[in-house]
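Protein chains in written order, with the numbering used here: chain A, 2 to 240; chain B, 2 to 240.
Keep in mind that the hints are not guaranteed to be accurate.
Remember, identical chains collapse to one label, so a pair may be satisfied in a single copy or spanning two.
To be verified - Pairs of lysine-lysine, DSSO-like flavour, derived with a Cα cap of 30 Å:
| hint | residue 1 | residue 2 |
| --- | --- | --- |
| 1 | Lys32 | Lys176 |
| 2 | Lys32 | Lys85 |
| 3 | Lys208 | Lys85 |
| 4 | Lys176 | Lys18 |
| 5 | Lys75 | Lys9 |
| 6 | Lys75 | Lys17 |
| 7 | Lys70 | Lys85 |
| 8 | Lys32 | Lys138 |
| 9 | Lys5 | Lys138 |
Source of the hints: derived by calculation from the structure; they are not laboratory data.
Protein chains: 2
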Amino acid sequence: MLSKNQIKLLARLKQKKFRQEQGLFVAEGIKTIQELLNSTLILHQLYTVKSFNLDAELETLIDEKELKKISFLKTPNQALAVFKIPDEKDLPKKGFVLALDDVRDPGNLGTIIRLCDWFGISNLVCSEQTVDCFNPKVIQATMGSITRVQVSYTDLNTYLNDTTLPVYGAFMDGKNVYTESLVSEGVLVMGNEANGISEDIEKHITKRISIPRFGEIQATESLNVATATAILLSEFRRG
Amino acid sequence: MLSKNQIKLLARLKQKKFRQEQGLFVAEGIKTIQELLNSTLILHQLYTVKSFNLDAELETLIDEKELKKISFLKTPNQALAVFKIPDEKDLPKKGFVLALDDVRDPGNLGTIIRLCDWFGISNLVCSEQTVDCFNPKVIQATMGSITRVQVSYTDLNTYLNDTTLPVYGAFMDGKNVYTESLVSEGVLVMGNEANGISEDIEKHITKRISIPRFGEIQATESLNVATATAILLSEFRRG
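Looking at chain A on its own, in the form it has when it is part of the complex (with noise of 0.2 Å):
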């Protein structure tokens, strides 16, 4: 049974304020949470219709009625977990880096860390108007992806400021990324789905970059973001 209190408690996680608060997310289907369970991550308390055969304090068992009142999502999952939000880690010095400038839709920043996991780039560098991680749709969208990458919150500009690695960043006027030398090591910023890179970013920027379009001079605009990060992200590995 859950009491009115539990209810309301696991509602405010919705917002990121009260997560941060709390130091708390919220992750939902069995799938998910087992990727999360197998993680270095730490379960603060799982609320599910079926048993996991976990510690009994850490779990609570609830019908489907009480979980469609906790779930955040239209087709609820069987589980519902609640996971500590981990410590942040070091800024990342080297290796290949990928940094969001205000990325705000949650759906693109789970696909973009799906993205890093696919493509074994550890560390993703957010402005901190950047959609936060921890938002329920993010995770939904990682599909546990979040457990293999590291994602941290930063003042951009200060970070760029003081890395020693080669920053590129992607522009609709850069240079052709299919002749550019790219390099192993190194930072990518990847703009916001409106505005693209901003100023006070553009100015860190060594090697500006495009995806050449193939089309008519009359086609599409832009890439969706996450789809223009798959794409240099590929270009980047292939080698």
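Following the hints, complete the assembly by docking chain B onto the known chain A.
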């Protein structure tokens, strides 16, 4: 002023069956509507809070409250237009063709149509179970690209059986796309979100390709179909 009957008819255009019966579909937002008006599509009726200076009989002025009633969006954007569904054209026999085997998510199809537009691919052939391209969510996601990409629905099995083009297909265990020889004229088949390419379609595929995974073994199981399509189209086009 909108009549109750008009509101009811517009609401029914959410349904594929009704769209096909009427030969009509809905597009929203000034920018998308403008792009559609500038294309070969034929306007049936425009409902708008601000005149577009069209023929009086094509334009119905409404207020924000009425727009809210007929809009399919959470935040309606000044106008809603009903266009005629264009006649189906012949299936493509040459050039580069993208084929979809039961892609179900409207957002994915919209993103894929936008990608075709970007990469100058004018023909998209869809299985009959693929989500309808005149679904309002698809139209929204294409951002006007629907006017520049010819989308056909057909029995994919028969189409692939009849084509003389080489047929590529995306599989988890296909050959590395970065090192395979790719062609400028051919068909690329992408599969369903959950099940990939079906057995029926698989037998027509002469080249199985795959995007290599760079992460650890435990990494994400698969890429989303729209991001995988982005990477593969980029590979075919980059030469």
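Here's how the hints hold up against the structure:
Taking the shortest Cα distances, Lys32 and Lys176 sit within 30 Å of each other only across copies (28 Å), while inside one copy they are farther apart (41 Å). Only within a single protomer do Lys32 and Lys85 lie at most 30 Å apart by alpha-carbon distance; the minimum there is 18 Å, versus 43 Å between protomers. Taking CA atoms no more than 30 Å apart as the test, Lys208 paired with Lys85 passes in neither setting, with 38 Å inside one copy and 46 Å between copies. Proximity of Lys176 to Lys18 under the C-alpha cut-off of 30 Å is found in neither arrangement, the shortest distances being 40 Å within a copy and 46 Å between copies.
Both within a single protomer and between protomers do Lys75 and Lys9 lie at most 30 Å apart by alpha-carbon distance, with minima of 18 Å and 26 Å respectively. Both within a single protomer and between protomers do Lys75 and Lys17 lie at most 30 Å apart by alpha-carbon distance, with minima of 21 Å and 22 Å respectively. In this assembly of identical chains, the alpha carbons of Lys70 and Lys85 lie at most 30 Å apart only when taken from the same copy (22 Å versus 42 Å across copies). In this homomeric assembly, Lys32 and Lys138 come within 30 Å of each other (Cα to Cα) both inside a single copy, at 15 Å, and across copies, at 28 Å.
Proximity of Lys5 and Lys138 under a CA criterion of 30 Å is satisfied intra-copy only: 24 Å inside one chain copy versus 37 Å between copies.
Taken one by one, the earlier hints fail for this structure at numbers 3 and 4, listed in ascending order.
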